[in-house]
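If you want the building blocks of each chain, they are given just below.
2 protein chains.
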Amino acid sequence: MTQALKVGIAGLGTVGAALFRAIVSRHKLLADTCGREITVSAVCARDKTRDRGIDLSGVEWFDDPAELARKGDIDVFVELIGGEGDPAHSCVAAALARGIHVVTANKALLARHGVELAEVAEEAGVLLNFEAAVAGGIPVIKALRESLTGNSISRVYGILNGTCNYILTRMQKENMGFDECLAEAQRLGYAEADPTFDIGGFDTAHKLSILTSLAFGTRIASDEVYVEGITNISIEDIHAAEELGYRIKLLGVAQRTSTGIEQRVHPTMVPLGSMIAEVDSVTNAVTIEADILGELMLSGPGAGGDATASAVLGDIADIAKSRPGHQHGPALGRPAKYLEPYTQAQMRSHEGGYFISLKVEDRVGVFAAIAAQMSKNGISLESIVQRPANGSDLKTVILVTHATTEASVREAVEGVRGEGYVNGEPQVIRIERTKQ
Amino acid sequence: MTQALKVGIAGLGTVGAALFRAIVSRHKLLADTCGREITVSAVCARDKTRDRGIDLSGVEWFDDPAELARKGDIDVFVELIGGEGDPAHSCVAAALARGIHVVTANKALLARHGVELAEVAEEAGVLLNFEAAVAGGIPVIKALRESLTGNSISRVYGILNGTCNYILTRMQKENMGFDECLAEAQRLGYAEADPTFDIGGFDTAHKLSILTSLAFGTRIASDEVYVEGITNISIEDIHAAEELGYRIKLLGVAQRTSTGIEQRVHPTMVPLGSMIAEVDSVTNAVTIEADILGELMLSGPGAGGDATASAVLGDIADIAKSRPGHQHGPALGRPAKYLEPYTQAQMRSHEGGYFISLKVEDRVGVFAAIAAQMSKNGISLESIVQRPANGSDLKTVILVTHATTEASVREAVEGVRGEGYVNGEPQVIRIERTKQ
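Going line by line, the protein sequences match chains W and G. Numbering follows the working numbering, in which position 382 of the first sequence is assigned residue number 382; successive positions increment by one, without gaps. Numbering follows the working numbering, in which position 319 of the second sequence is assigned residue number 319; successive positions increment by one, without gaps.
Derived by calculation from the structure, the hints in this document are not laboratory data. It cannot be assumed that every hint is accurate.
To list a few chain G residues with every Cβ distance to chain W over 12 Å, as calculated [as the list claims (entries may be wrong)]: (1) 58; (2) 180; (3) 292; (4) 343; (5) 366.
Just the calculated beta-carbon pair ranges, DEER-fashion [as the list claims (entries may be wrong)]: (6) G:393 - W:435: 29 to 37 Å; (7) W:435 - G:67: 36 to 44 Å; (8) W:183 - G:340: 42 to 50 Å; (9) W:271 - G:186: 23 to 31 Å; (10) W:271 - G:174: 16 to 24 Å; (11) W:177 - G:387: 39 to 47 Å; (12) G:2 - W:152: 21 to 29 Å; (13) G:387 - W:243: 28 to 36 Å.
Since the structure is predicted, the reported quantities are computational estimates derived from the model, not experimental observations. Cβ atoms here follow ideal geometry from the backbone N, Cα and C, with glycine treated the same way.
Okay, chain W solo, but in the shape it has when bound (with noise of 0.2 Å):
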């Protein structure tokens, strides 16, 4: 049997302590499965005296992790540590640099530094793995990176965030408003106390910037995401949503267009009955639209200590089972040389259907008002629907679009404010088709 694999764990927080314990309990499942034994030989955290449930007993131990990327007797380097700055990015790059296999959960460090980390990595001929970093426990990362090879695709998207998925699911069913379901999402440790990084649509972007490069081939451009989060998203929209057939889930979408690629992150409405639709609470899902394979739907788990600690593994195995010197397959699915830059179509241009709420005061004239100035700007409608508005004198008019475009649909909607009569903020959902 080959020698044993060498672990370095940087970071011993949940993901971390949970990865440890399954590399000591699976010792001899991994030795059989790996063709050779896997080790940890040696950690690194802030604190060496916190009670973590783990034995650290003849492993070594760093207060710092420059020190273990630097000079650890491992042949990976594990990247727990989060954030994507120092000392993350410092420590893959050193590890890398030396030569030393790295798994990383990072979303962000990819997001920022992927291509860069990426070149590191073949120049030293080693492995950059990261298959916790997007949709935690599902393996789209291995889906786009080997199973589709050679397939060219043409959208990719999913619900990438537990915590905003969460807060839409509890909404839906249990007619709760939304700031009660992210206190109770707070409360249940599926949102942190500043959730500003989840529910603004931060994180799913960072995510989304990663797949974009690995589906169309293009260097990652996670500044160039055009975000919108669900802080804006009540218990209305959702109720609305539902009558016409549709349901409200924050949706990443990264899809190639004839002006260039798009990348959107906005809470988005998808058929009641689609498969996407069902995918609840911190449950994750990720669709790839390849032109040989077809549709590909993956769905787990995206996030939690195990879920991740899982992708880790998995990530460490494939390092386990191949040989040093003769590695498999580049970081970003083609060699980084090969990665085309990122043309931005604009999201002017973006094409689709729309749902469009706007309170308005109930005098007479108003709706043919509303349906004139969309007739103007060539937007043709599926729907409308008219109510009285909670509480008020006002009325709620709903319309859902035809595909159109967001160009038209901006200009329509400021068409019918300029004309005085509507209150408050027009709610514009986008709607995006879905297969299965």
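Following the hints, put chain G in place on chain W, whose structure we already have.
Quick look at chain G alone, frame taken from chain W:
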């Protein structure tokens, strides 16, 4: 750049021709991604003169697949001949023994000879890849073999046959009878002229036996699968299921129990609102329950020339990315010598809920007698529905049980029949709990 990978394709039917076209038309993309070119250097089919819309000039032609396997100037032998016996079996064995990698889409071959062929591949130090053999283009083999390494699997289940799912979906959505839907499936090319292999559940059983081995690390036991097909399912069953909150799908289920492993294929009630209930038409789906990861579901096209070719191409690309003499991963997830014997759980010990539909004479005491039989066998009921049977003076009594055993249900149903007022065959359909 490393030398081109030379592929030999045995069988130029729909899949073979689609694969050939993909390798030619994606030449640059494949070379960029894999770090080396992929070329088709030899092919074999029955009729050289047939127009397949592909240009075979410069490609060596073999009339006999055994010649291609034994003498072709190839690095990879792609077996698309089909069938568990020869020539597929001897060709694959010969190619592996000669040190040539093999990619196959042949589930029957693997169900019968998979362990033996895995041993030959391991001895020769070459890869035996078969992503396309189960669930077409869905990367479930890779998920089990690589992504979930280190996880202990408790259950794997799925919709593995597009023909059956097409028929059941059509019956449910369009209120059509079984025979009519089968005829429609045959007209559209989704079912064979002799559909027994699909609708009898045998195709699902082959695929399931391969998943079982990968999930549980056991030797393939395709003869030890409990199989019921869908020919018995009536439109009345489908309606009754929907009313009670279920949809009927033909599932293959492999599950670890205290007495062994259950492998079963049968029509199954899955809850409405679960993701698997929304898997429609020829789409396939597989759910894996893993102890570290949690529940993972994959769905996509389960058949068709292109989807199958995509999976075959992914397998070829994995070989192209690896380096000769340093191969990656045993065929069945762990080296064949470590595979455990398969221990079959008895079907009578199966535990779960049951849907039981009985046509009974409409007389006093019938209902009480049924209830007494259930009670006598320790079966508690979740719901009971009674209604007039179609076009007769009989009544239909439908029972949905809480979790019980197969043995209890069989005994209870025999007990009820023994009392003499049941008309025709009782319908018994197992209920499968799902998480997502």
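Evaluated hints:
1. 58: 20 Å, holds
2. 180: 23 Å, holds
3. 292: At about 4 Å from chain W, residue 292 of chain G fails to clear the 12 Å cut-off, so the statement is violated.
4. 343: 18 Å, holds
5. 366: 38 Å, holds
6. G:393 - W:435: 29 to 37 Å: 47 Å, violated
7. W:435 - G:67: 36 to 44 Å: 43 Å, holds
8. W:183 - G:340: 42 to 50 Å: 49 Å, holds
9. W:271 - G:186: 23 to 31 Å: Given range 23 to 31 Å: holds, Cβ gap about 30 Å.
10. W:271 - G:174: 16 to 24 Å: Holds, since residue 271 of chain W and residue 174 of chain G (Cβ atoms, about 19 Å apart) stay within the stated range.
11. W:177 - G:387: 39 to 47 Å: Holds - the Cβ-Cβ distance for residue 177 of chain W and residue 387 of chain G, about 42 Å, lies within 39 to 47 Å.
12. G:2 - W:152: 21 to 29 Å: 24 Å, holds
13. G:387 - W:243: 28 to 36 Å: 31 Å, holds
Violation of the numbered hints given earlier is confined to hints 3 and 6; the remaining hints are satisfied by the structure.
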